[in-house]
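Protein chains in written order, with this note's numbering: chain A, 1 to 646; chain B, 1 to 646.
Derived from the structure by calculation, the hints contain no laboratory data.
Misleading hints may appear alongside valid ones.
As the list claims (entries may be wrong) - Each pair of labels, with its calculated beta carbon distance range:
#	chain 1	residue 1	chain 2	residue 2	range
1	B	Thr228	A	Asp179	53 to 59 Å
2	A	Ser138	B	Ala598	52 to 58 Å
3	A	His54	B	Asp281	32 to 38 Å
4	A	Glu134	B	Asp281	30 to 36 Å
5	B	Lys55	A	Ser138	42 to 48 Å
6	A	Thr230	B	Asp179	48 to 54 Å
Said to hold, decoys possible - Under 8 Å between C-beta atoms, here's a sample of chain A residues computed to sit facing chain B:
#	residue
7	Thr474
8	Ala536
9	Thr576
10	Tyr578
11	Phe589
This one's a predicted model, so the numbers in the text were calculated from it and none came from an experiment.
Even for Gly, the Cβ is constructed at its ideal location relative to N, Cα and C.
If you want the building blocks of each chain, they are given just below.
Number of protein chains: 2
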Amino acid sequence: MIDITAPRAPVAPLAPTQLRPLGIDQVTLTGGFWADRQRLNENAMIPHCLHWEHKVGWINNFAAQLRGTLAEERTGRWFADSDVYKLLEAIAWEIGRTGSPELESALGEIVDLIAACQQDDGYVNTRYGNAGQEPRFSDLEMGHELYNVGHLVQAAVARLRTGHGQDDRLVQVAIRAADQICATFGEGGIERVGGHPEIEVALVELFRATGNRAYLEQARLFLDRRGTGTLADFELGRAYFQDDIPIRDAEVMRGHAVRALYLLAGAVDAAVELGDDELLDAVEAQYKRTLERRTYITGGMGSHHQDEAFGADWELPADRSYCETCAGVGSVMVAWRLLLARGDLRYADVIERTLYNVVAVSPSADGRAFFYTNTLHQRSVGSVPPQDEASPRSSGSGRAPWFEVSCCPTNVSRTFAQLGTYVATSNDRGVQVLQFVSGRITSDLPAGRVTLDVATEYPENGRVRIDVVDAPDTAWELTIRVPEWADGATVDTGDGPRPATAPAVVLSEGLTSGATIVLDLPMAPRWTFPDERIDAVRGCVALERGPLVLCAESIDQDGADVDQLRVNPGIPATDTPYGVKAAGWQTTFDTGGSPYSARSSDAESRPAAISYIPYYAWANRGPSTMRIWVPAGAEWRHEQTVGTRT
Amino acid sequence: MIDITAPRAPVAPLAPTQLRPLGIDQVTLTGGFWADRQRLNENAMIPHCLHWEHKVGWINNFAAQLRGTLAEERTGRWFADSDVYKLLEAIAWEIGRTGSPELESALGEIVDLIAACQQDDGYVNTRYGNAGQEPRFSDLEMGHELYNVGHLVQAAVARLRTGHGQDDRLVQVAIRAADQICATFGEGGIERVGGHPEIEVALVELFRATGNRAYLEQARLFLDRRGTGTLADFELGRAYFQDDIPIRDAEVMRGHAVRALYLLAGAVDAAVELGDDELLDAVEAQYKRTLERRTYITGGMGSHHQDEAFGADWELPADRSYCETCAGVGSVMVAWRLLLARGDLRYADVIERTLYNVVAVSPSADGRAFFYTNTLHQRSVGSVPPQDEASPRSSGSGRAPWFEVSCCPTNVSRTFAQLGTYVATSNDRGVQVLQFVSGRITSDLPAGRVTLDVATEYPENGRVRIDVVDAPDTAWELTIRVPEWADGATVDTGDGPRPATAPAVVLSEGLTSGATIVLDLPMAPRWTFPDERIDAVRGCVALERGPLVLCAESIDQDGADVDQLRVNPGIPATDTPYGVKAAGWQTTFDTGGSPYSARSSDAESRPAAISYIPYYAWANRGPSTMRIWVPAGAEWRHEQTVGTRT
């Protein structure tokens, strides 16, 4: 039984939560940064992903299965099917947003292939269980079979939430696949977990979208089993797939970052539906400590290339930051779920930071190439990967059109298609405006309909104007998030500006139709210092502007490499018609000799203006070096320490 | 035809070199740090390695091949055979040093097995080319077949150099294997290279030990082919196996560190024998730039865990230093060959630093557990790996008895068995004392025999006494290395101390039998600062004492974690009966909150003495955290910057 009142959103709790999501039909983006990205997704990214999934043969894998030629023809890794499913999810949300008949037809063709491949008991997978292949579930550690079904289910949930019923062909396939998982991995079945979490978050949502509690129960079983060592130990250790410590006992996120984040997202969803506050508390504590000690200034997560994993507390190397794009998507998933469950608007700060400085960094300006990893420091100029072949490498100095492991492009695509849902929430008292995007927000409160028109040039400009178009006759609340960084923000409801402090301003008077509220966020560039326990960036400072982390790219530095730059954080950086400029120095280093000596020395330096651009925009003008964290110059350090003493 | 005058040493150039090696029979170590390690090798490490190579089945692989049960029984990776060969090499040198009949018998048993496995054309490998296995040379990228033969040949060279002839069974096996490689990979054969260099250095030495120029020619072919892309590209890129750039064109070492170092060692050997100065210049320039920009203070090399590889210039994270033990061995191999070829004694500084601070760090105090990687910063306490099973992991917070990939233990063992050869060299003019070790050095110069007795407690004490026991009647030179760090060293030939400056003191008078020379090296602990381009340790300082890098281990810090320590490099650290003590502070950090903020802040701190121990000795007293680079306290930074100005 489907709840037809559920919002058109990827996360729609049945149990009561502090905040409720709005659907992508309730929030329309009409212009600006995120609307541009939705158009980029529609016009470039989705067609690009469809083209590449045909080109590299991952859609063809299903056709080959039907032809009986899988052994000879199959391409891609264990999880190639999942990238097809993620693209289906992106397309499903995009159809929900635009109603595109072309996309409906593209989706239908692929779903027909998958449906034809599905075995009688619901199992569907092009890598296992077919003639000449290894048997089903013979490699739970790395086989990704449960992971694949998870993404299939998330695509089906997108259909269920965008006007389709259980007779939808994609929904039918997913339900049969999920039922097969429940039959196989339920009590008394294979009492183990899959190496890559994802099935958990998908099953809870399938429960929400269908009302079938078996899916929630199966998600709970998977969550309870994880951390008990049902997966084999191997070189990277069981922490890699979070099978080292039960989820209720862990204190911090660890191991493969995307695995850890997908697992946490599923745990929040399950905890909410089960009313399991102990689990919710445990998971929230892990995520908070991770934000405090294992997260980059960009919101990026993952310090290790070797295992795409979190490092230890404070292990946050800028030049070896992994910050996988998919981990950014995963962190948004977790933060969004905690925001709904807890009503803590600071999670919307995390979402904003991560969307602008991880997820939006991945696609190139033309939407046809992607970063898989998002380094904070590019040391060598490198080269742009070939644009006509799938890159064998996850990291590099330029964006690639596709990857042999290509989880990221479709993950960005499905996130962009859902962007509207992250803009605002509601509760019985009112509406919460979380992200600053031009567009219309509609919510039906118990007191009546609220319609808001938002106009802003954010993040270029800090002014956000909210016009109340429709308002209930009785009292309601309008909550507007104030970011933690927005020191000096003001709000004006018509009688002049007054201070607006983080995490939010809550308005409850004068909110009648025709009212206008103006929020002004301070957008002057600001220097940001790291906790001194982060060894990798000791003595360095970053520049931020509004929600954007800025970076210095070599192409803008008058021929200097970025490693020659030193900044003076004692002098405010300023907006100029040619980008943000900061005062600093260019240094010249000695060449040769031992790098270790008895004397601490500062290199020769001459005053220079340092140019910054938004981090998301880097590497769009050819190969270059880049830094977010730039060392503070010796002269500034001198002034600072003298200043401290006098 | 064997040159029976060749020294009992692993590197014995035929072509003229600036310096000539002495054999392990010409340098005997009688006491002190390195003699202790030779005894540890004899009494613990070699029996331990033999035990484990039986236990994990790598010796049994050969027996299984004879039984025809390889398919069911074979254990270990592609290169399991090579670890048997490396142990044979260690044993062969050890027999050459001690004449042990037990070891001779152990060696003979294993060699018989290998000989019985060798195919008619000389091919021998337990992983390829046998019934039910993939064909020979079907995976040159990762199959390690040429690498395995390289280590077999190095073991055979150890036999040839320690009194055995070409009728020695191990030598026969190795020559047949090498001939098969030459027949298969010569001109008109498979014109490719192996993914892991090693065959090159082995073939040049086999040429030197047998006089068969075909081996030198084959080494030249392999060196010329490398860098031309005969290996397939893959996720980690062709730089991983140095197949991206021809060796003559490369500017710096890159890719997998052990591969890169073994390749360079072979290139130096080939350049010397071919009289190819262009190649020698190219290789020396690459190694020097690597020492200047890609080497840790310990002498360790390799910044990446993912591919066990060099990072970019200045990418030297302390907490993610890989510094594979085998890369330390490889760096000693390269430095030793360049020292002989060029006569530049600063390479003996590199060897000293690397032996004390990489190679000697690997084995535990009891010689029955090893570090594979050698981190400079252990952030979390972790746990000691189980001592009864092979570790699946290369890195961890404690030493493991064995590894699934266990290249390091036998590499340390063969190096320890050869240690004598690195202590001194000779040329026509005289003898060069390079390392300070108690023992006897003998060399037959054209002018006559020189015998020196060296007595020292180095590195605990900086006094090195050299007694001339035998001396030619005519003039000769005694050169004694003075390390670069030994500012204030003196030498006393009987008429009082006079300054001895790096890289050496050269004495040519009064060197008659009965003469005594005393070198005094300053052993006070000294602060060492990093080049400011090394982002990872900006603002930090290390403590060294003589050739030893010191470290702070948490077990000695009064309950504090090492990340709480701040030192004051303005105050000299001092030797005490309880280790080296430095002045500094213990800090207490806030918990919680964002790690990025608008203010640069120093944590609360209280004065504290910081305890240091030699880095090689760490992790011998249970799990702990550890740092080599410790941040300088804010108070010191204040004084320094004020001092600079006034």
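Hints versus structure:
{"no.": "1", "hint": "Thr228(B) x Asp179(A): 53 to 59 Å", "in the structure": "holds (55 Å)"}
{"no.": "2", "hint": "Ser138(A) x Ala598(B): 52 to 58 Å", "in the structure": "holds (54 Å)"}
{"no.": "3", "hint": "His54(A) x Asp281(B): 32 to 38 Å", "in the structure": "violated (52 Å)"}
{"no.": "4", "hint": "Glu134(A) x Asp281(B): 30 to 36 Å", "in the structure": "violated (53 Å)"}
{"no.": "5", "hint": "Lys55(B) x Ser138(A): 42 to 48 Å", "in the structure": "violated (29 Å)"}
{"no.": "6", "hint": "Thr230(A) x Asp179(B): 48 to 54 Å", "in the structure": "holds (52 Å)"}
{"no.": "7", "hint": "Thr474", "in the structure": "violated (38 Å)"}
{"no.": "8", "hint": "Ala536", "in the structure": "holds (6 Å)"}
{"no.": "9", "hint": "Thr576", "in the structure": "violated (22 Å)"}
{"no.": "10", "hint": "Tyr578", "in the structure": "violated (25 Å)"}
{"no.": "11", "hint": "Phe589", "in the structure": "holds (6 Å)"}
Hint compliance for this structure: hints 3, 4, 5, 7, 9 and 10 are not met, and every other hint is.
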